[in-house]
Structures are given as structure tokens and as C-alpha cells.
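Build the complex from these two chains, which are given one at a time in their own frames, with help from the hints.
Sequence lines, in order, name chains A and B.
Mapping of the first sequence onto our numbering: residues 58 to 171, in sequence order.
Mapping of the second sequence onto our numbering: residues 9 to 122, in sequence order.
These aren't lab readings, by the way, just hints derived from the structure by calculation.
Every residue gets a Cβ at the ideal spot worked out from N, C-alpha and C, and that includes glycine.
Certain hints may be false.
[Stated by the list, open to error] For lysine-lysine, the following BS3-like pairs were computed, each having C-alpha atoms within a straight-line distance of at most 30 Å: (1) A:Lys114 <-> A:Lys74; (2) B:Lys121 <-> B:Lys85; (3) B:Lys30 <-> A:Lys114; (4) A:Lys126 <-> B:Lys109; (5) B:Lys30 <-> B:Lys66; (6) B:Lys109 <-> A:Lys114; (7) B:Lys109 <-> B:Lys66; (8) A:Lys128 <-> A:Lys75; (9) B:Lys109 <-> A:Lys128; (10) B:Lys30 <-> B:Lys57; (11) B:Lys85 <-> B:Lys66; (12) B:Lys121 <-> B:Lys66; (13) B:Lys66 <-> B:Lys77; (14) A:Lys114 <-> A:Lys128; (15) A:Lys122 <-> B:Lys109; (16) B:Lys85 <-> B:Lys30; (17) B:Lys77 <-> A:Lys114; (18) A:Lys75 <-> A:Lys122; (19) A:Lys128 <-> A:Lys74; (20) B:Lys109 <-> B:Lys77; (21) B:Lys57 <-> A:Lys114; (22) A:Lys74 <-> A:Lys126; (23) B:Lys109 <-> B:Lys85; (24) B:Lys109 <-> A:Lys75; (25) B:Lys57 <-> A:Lys128; (26) B:Lys109 <-> B:Lys30; (27) B:Lys57 <-> B:Lys85.
[As the list claims (entries may be wrong)] Facing chain A, a subset of chain B residues (Cβ under 8 Å, in silico): (28) Phe42; (29) Arg50; (30) Gly51; (31) Phe98; (32) Pro107; (33) Phe112; (34) Gly113.
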Amino acid sequence: EAQVTQNPRYLITVTGKKLTVTCSQNMNHEYMSWYRQDPGLGLRQIYYSMNVEVTDKGDVPEGYKVSRKEKRNFPLILESPSPNQTSLYFCASSFSRDPYNEQFFGPGTRLTVL
Amino acid sequence: AQSVAQPEDQVNVAEGNPLTVKCTYSVSGNPYLFWYVQYPNRGLQFLLKYITGDNLVKGSYGFEAEFNKSQTSFHLKKPSALVSDSALYFCAVRDMRVPGKSTFGDGTTLTVKP
Numbered sequence: 058e059a060q061v062t063q064n065p066r067y068l069i070t071v072t073g074k075k076l077t078v079t080c081s082q083n084m085n086h087e088y089m090s091w092y093r094q095d096p097g098l099g100l101r102q103i104y105y106s107m108n109v110e111v112t113d114k115g116d117v118p119e120g121y122k123v124s125r126k127e128k129r130n131f132p133l134i135l136e137s138p139s140p141n142q143t144s145l146y147f148c149a150s151s152f153s154r155d156p157y158n159e160q161f162f163g164p165g166t167r168l169t170v171l
Numbered sequence: 009a010q011s012v013a014q015p016e017d018q019v020n021v022a023e024g025n026p027l028t029v030k031c032t033y034s035v036s037g038n039p040y041l042f043w044y045v046q047y048p049n050r051g052l053q054f055l056l057k058y059i060t061g062d063n064l065v066k067g068s069y070g071f072e073a074e075f076n077k078s079q080t081s082f083h084l085k086k087p088s089a090l091v092s093d094s095a096l097y098f099c100a101v102r103d104m105r106v107p108g109k110s111t112f113g114d115g116t117t118l119t120v121k122p
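Looking at chain B on its own, in the form it has when it is part of the complex (with noise of 0.2 Å):
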């Protein structure tokens, strides 16, 4: 079985500072890595993906995220962060040996303070 593990309901910086989502994942083959963002009242937005290759992803809006086999970790990372950032943010996991299946983790809530 697949899953996702995001350790922080809730993460908050200041604007400008680096900021850092946190995401942990288990699956049974090569895992496909996803961030989507939903701001309030919004569907789900993609950010990036991570499939194969170079372990650090660049995505929308200046975000990264840097794929850690070792750990299975994917955290998603901006070096300057905007108030315009605040949003609830998902990872989400999926594996070519179940590929329909999608499994996404609880959340974590992003505030930017000016």
C-alpha cells in the first residue's frame, strides 16, 4: 500500500525568509511525486513533479522540490517566501504498479507574515 506523511499541519515564516514543506512517502516501486497548492475556495492547483532524473524539481511560482531516495522525502522548498504563498499545500504519490491510484497527504498549512 501507498502513503503519504506530511509531520506539519501548520507552517509559518516570515515573508522573504526560506521556507520548507515536509513530505514523506512509502510506496512499492518507483514512486511519481506531486505538490499541488489549493488556495481558499479554489480547486487544487499542480505545482511540480518529481518522475525520474535530477533529484531537485523547479515548479510554478519559484518553488523546488528535492527528491531524497534515501529518506523517502520530497520537500518543497522556496528560497524567498511571498504573503501571496499562504495556502494549503498537498503532496501526493503515485506508482506505476497500481498506476490509477493516487494517494495524497493531509495538508500542510502555509502563512506568510509580512
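Chain A extracted, bound-state conformation (with noise of 0.2 Å):
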């Protein structure tokens, strides 16, 4: 089944403890993304990869780290959490690098930082 996958999807951690939110897709997508949806804020695209070693960054990409070293994944790094770094994220990929492809979500990781 064509998907995307994220790991894990629920996670209560503290301030300041390192943690990786893995994303992975199964259909040789070239553009990943990942997004964070607070309420009443919408959905804001953290960061984004072109293609695998081309990332870069969006509208709210403090505090957060990426990596594309394999076309499949996309690792979102949060070095040093913070409470305001609680929400709800969610990874997305795209067939091409092309802004017309529709994107395809992930079922989201709940994050809350104490």
C-alpha cells in the first residue's frame, strides 16, 4: 500500500531531551515536507526537501533539524524541546519537486513537551 509513515505517533517527553520524529514513504516521491497544525494557526511547513540532500527551510523552521540522506526518508530533529514546540506534526511527500503534485500525508505524531 502506497503510504506515508511516521514513528511513532504519540510521544510525551521533557524539556531539553533530544528526539527524532522519523517519516518514511513507500512511492519514490522526490519532495518531502513536514508541517506542524496548532490550532486556530493552520498548518505551517517547518521544512522541505527537493530532493535527497537538498533541504531548506519554511516558515517556522527554529528549533527544528532535517536531514534527506535516502530519497524514503526525512527525519524531523528536535535538538532541544521546548513547550511551545507542542502540537501536532504532520510529514507529506509529493511525486516531483513540481508545485502543481498534490501532497500526501502522513497520519500525524502528537508531541507534548512538559
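So, in C-alpha cells, the structure goes:
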């Protein structure tokens, strides 16, 4: 089944403890992106990747890191999480870097930072 | 900078009545416009998109959207609403000038009552 998977789905952690949220797609998609969803703020783009080894900042990159060493994986790294990073996170992918392609979304990761 | 506005946080309609969810956008170049739907505890699903050509775009589940360049709008419509259409709807825009960036509106909660 074609899909975007994220792990973990739920995570409760404490301030300052490094964590990684994994994202993997099995569709050979070129483009991948991370978003956070907060009530009343919609989805805001954190980072995106146009291809392997090519990443760029979205609208809210502060406090986050990403890497794209393989085409299928795009992990989101929080080096020192803070409570304001408590949110619902979505990974997405699309067939190519062209902006007219729709995105396929993962199921989401609900992160709570205490 | 690109932006999307969804002026209504909530739209309520009766089952069988037509529905409209509004979206306006701002981009520097030609827009690529998308509608996504999010059901409770799920990721976003693609509904339809406008790339170029016919201003009326048809998508999944009987939804359609009308692109209006002069009003910079891309309203989502359905002739006859179903209770199962109740969900959170997001409008999104991308621009060839910055192809990796994806901007979403804040979302509109659609409630269809029997």
C-alpha cells in the first residue's frame, strides 16, 4: 500500500531531551515536507526537501533540524525541545518537486513537551 | 510572500443543501491551488487542485472548486451536502517562483446537520 508513515504517533517528553520523529514514504517521491498543526493556525511548514541532500527552511524552522540522506526518509529532529513545540506534526510527500503536485500526508505525530 | 485566507472558522449547513467553503490567496506569480480535507484523528487527504485551464475544477466525493483570478479566490463547493462531509477543510497555495514552499489557510470546520 502506498503510504507515508510516521513514528512515533504519540510522544510525551521533557524540555531539553533530544528526539527524532521519523518519516518514510514508499512511493519514490522526490519532494517531502514537515508541517506543524496548531489550533487556529492551520498547518505551518517547518522544512522541505526537493530531493536527496537538498533541504530548505519553511516558515517556522526555529528549533528543528532535518536531513534527507535517502529518498524515502525525512526525519525531523528536535535537538532541545521546548514546551512551545508541543503540537501535531505531519510529514508529507509528493511525486516531484513541481509545485502543481498534490501532497500525500502521514497520519501525524502528537508531541507533548513538558 | 504567499498567503491564504479562509475567512470562516466554521460553516454549518443542512444535509442536502449546497455548501461553500471560502478561500482567498495571494502569490507573486501564477498560483497552484489545492483543497485538502482532514477527518478527526487522521492526516490530510487531497480533494482537488487548480493548475491552469478551466476555472471550474472537479474533485473527489462530488466536490468542486471555482478559480477566480480577478478576485484571487478558490472557493470549495458541493451541490448537496452529506453528514459524512463534516470535517476540517484546508486551502493551500504554491507558486512556481518558490516551488518548495507550501502555504495553508487556517482551516474551516464544516458541520453538516441531518
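Against the earlier hints, flag every one the structure doesn't satisfy and list their numbers going up. none
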